[in-house]
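Take the given structure of chain A and dock chain B to it, following the hints.
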Amino acid sequence: MGGERVKAVIAGLALLASGSCCAHNIKAFDVEPHAVCPGETVQVTWDVKGPARLRAERGTTDWDEGDVPPTGSRTVIPAVTTTLKLKALRANPGEPGAFDTKYITVLPSGRKQASATCDAAGHCRATFKLNAPGGQLQARKLSSPQSRQDGALTPTKICASHAGLPAPVCIESNQSADVAVAADGEWILEADIPGAVPPAPPPDLMVEMQLGCH
Amino acid sequence: MAPANNLAQIDTIVVVMMENRSFDHLLGFLSHESFDGRTDVNGLHQSGPAFDWANADAEGTPYPPMATPDGFLPSDLPHSREQVDVQINGGAMTGFMKSYFAFQKNDRSAAPMRFCRPQDIPITAALARRYLVCDRWFASLPDDTMPNRLMALCGYSEIDSTSGLKPVFHPLPNQRTIFDWLSANGTSFGVYVDAAPIANLGPPTNLLLMDNQLKHLVEHVHTLEKLEKDWHGSGPAPSVIYCEPFYNDFATVVGLAGNCNHPPLPASSGESFLRHVYTILTSNPERWAKTMMVICYDEHGGFFDHVRPPDIGYKPPPNAKWTVNKPFTRLGVRVPGIIVSPHVEMGKCFKGLLDHTSILQLIVEKFGDLAVDLPTFGDTAARKEQKILSLSETLTQAEPLTDVVMLPEAPHVAGPSIPVPLTNLGLAFQDAIKKAKQAVGG
Chain A
1 MGGERVKAVI AGLALLASGS CCAHNIKAFD VEPHAVCPGE TVQVTWDVKG PARLRAERGT
61 TDWDEGDVPP TGSRTVIPAV TTTLKLKALR ANPGEPGAFD TKYITVLPSG RKQASATCDA
121 AGHCRATFKL NAPGGQLQAR KLSSPQSRQD GALTPTKICA SHAGLPAPVC IESNQSADVA
181 VAADGEWILE ADIPGAVPPA PPPDLMVEMQ LGCH
Chain B
215 MAPANNLAQI DTIVVVMMEN RSFDHLLGFL SHESFDGRTD VNGLHQSGPA FDWANADAEG
275 TPYPPMATPD GFLPSDLPHS REQVDVQING GAMTGFMKSY FAFQKNDRSA APMRFCRPQD
335 IPITAALARR YLVCDRWFAS LPDDTMPNRL MALCGYSEID STSGLKPVFH PLPNQRTIFD
395 WLSANGTSFG VYVDAAPIAN LGPPTNLLLM DNQLKHLVEH VHTLEKLEKD WHGSGPAPSV
455 IYCEPFYNDF ATVVGLAGNC NHPPLPASSG ESFLRHVYTI LTSNPERWAK TMMVICYDEH
515 GGFFDHVRPP DIGYKPPPNA KWTVNKPFTR LGVRVPGIIV SPHVEMGKCF KGLLDHTSIL
575 QLIVEKFGDL AVDLPTFGDT AARKEQKILS LSETLTQAEP LTDVVMLPEA PHVAGPSIPV
635 PLTNLGLAFQ DAIKKAKQAV GG
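Protein chains in written order, with my numbering: chain A, 1 to 214; chain B, 215 to 656.
This is chain A alone, in the form it adopts within the complex:
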């Protein structure tokens, strides 16, 4: 709307202002490591001019938000991917505050799904790409193959391919398959789904992927 019309100008001004007025109030702010498996710990460190406040927007069970000393560190155990925000409070009236944001990626597990493209024969192919820095995430089992179309889930035979697998692993609707491969990289799911021929909306292909960390 009217706001959209001025977006570019305002956004530019915002960038100018945030870059010029505030950065010096936060001397250091970091998380290590940036990506963990569920249950692992992350060290958060900061060094701020004046009083500060630290906040986790979601994903930690042990801590949420609170005032912190200007310099400090804290160990957190994020449950899911988490956004951490550090705010430098105003040290003096009229002096601007500042904030910075860091992200902790908790490596994913559980169900995987991706939209497929289907040919005229109803052969459907979907891809998703797992990003597991360091290769510490391992795929251990595939199960519960399903397709979804127009909101309805249907058990479906699905074959999964990955560069670390010697051949595609196919699982029937009531079966599972053990795999042991670094989960990092592209996964391809393939299935034959009658009725998924274009222009019908493309189906989702789904598998439960048991993941674990090394």
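Among these hints, one or two may not hold up.
Said to hold, decoys possible - Derived pair list, reagent style DMTMM-like, types lysine to aspartate or glutamate, alpha-carbon separation capped at 25 Å:
1) A:Lys129 / B:Asp334
2) A:Lys157 / B:Glu273
3) A:Lys129 / A:Asp119
Think of the hints as simulated: they come from the structure by calculation, not from any bench. Quantities reported herein were computed from a predicted structural model and do not represent experimental measurements.
Showing chain B alone in chain A's frame:
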């Protein structure tokens, strides 16, 4: 056979078009088993085999629709033509998370999959529960604000991108609007803008953005306070009324709280405005008995919806300056619609197919000649042929029910817990608006 409508009993049509929310996002709670659990509304449900509409990101991780306490969003959500195409994904409605994560890198939350709890939007919830919900109202185009608002005002759009307007403050194309038709037709109308927050700037409105509409801006645009006086005055009230919120989606930056509901504003930001309009209209029982208030949204704003938009296409009209020179092949994402009037069936759901041109159909049907006038509104007549209905079809209450809902207080909208610490940007925003007005000769 459809019941006869009560359009003859309506003297005043009031249109309120808010910003950027999908049906499932705002009104999906009506059918959700954790909230209202209505079976007549096609909204959201608890997770289950038939209603698992999770959208996956590029890593295959699914994000289900989540009831989320209201608040400022981390950022705006993507909703340009190309981004909406990704979101709709050929009709599967599975690209909302992919689109969001491709659009920005700072936030990893499932913002597009949020849906509102009724306690966070008490005014909208009360009106939706009491009056008539429309669950098959689609944005006219799978696109962003301005093309959809032009469809709502004109029935056609010479542009297919809001952000494609160059330079930033260049006015919209000089299209013929419903206001031109009303003016030529001798039908009284008024545009009332909730301009109190920026009274020193004057009302920002759609009309400000079109050179050829400035005459209407001068003659017909007023603040919302004037509606209260006009509504209680001895003279006739305008036959057609457009009530506009304060459009400002950058409240977190400039410190001016908009109430148009455009993200990153909370959904609750517009509640006070809607309450204000409803309170004014119902404060004159005699006039309220002959009034129809239409609450709708211009487009989905990047929020998830699970209903595939119908395959009703739209070709570039004459003089079109589209950024993508090919037709649209379907309507836009489904948006909320609530018809508030003594002449609708209370607490029901209207299942007929609607889009923004349904407003034009309604106004022409009431004050003009459908056969003669409707073809002058771009694609409106063609859409009527494709079974898009007039909003008059919603007026099926046999005996008008004029009792009024006692609305709760509108929620206070708090700013984000960590505000953007900027200085002087409020002044910069004001200056930008002034320059925009000068640029169009205002």
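Is Lys157 (chain A) within 25 Å of Glu273 (chain B), Cα to Cα?
-> 21 Å, holds
Decide if the proposed pair is consistent with the structure: Lys129 (chain A) and Asp334 (chain B), CA atoms, cutoff 25 Å inclusive.
-> 37 Å, violated
25 Å Cα cutoff - pair Lys129 (chain A), Asp119 (chain A) = 22 Å, holds
Hint 1 alone, counting from the list given before, is not met by this structure.
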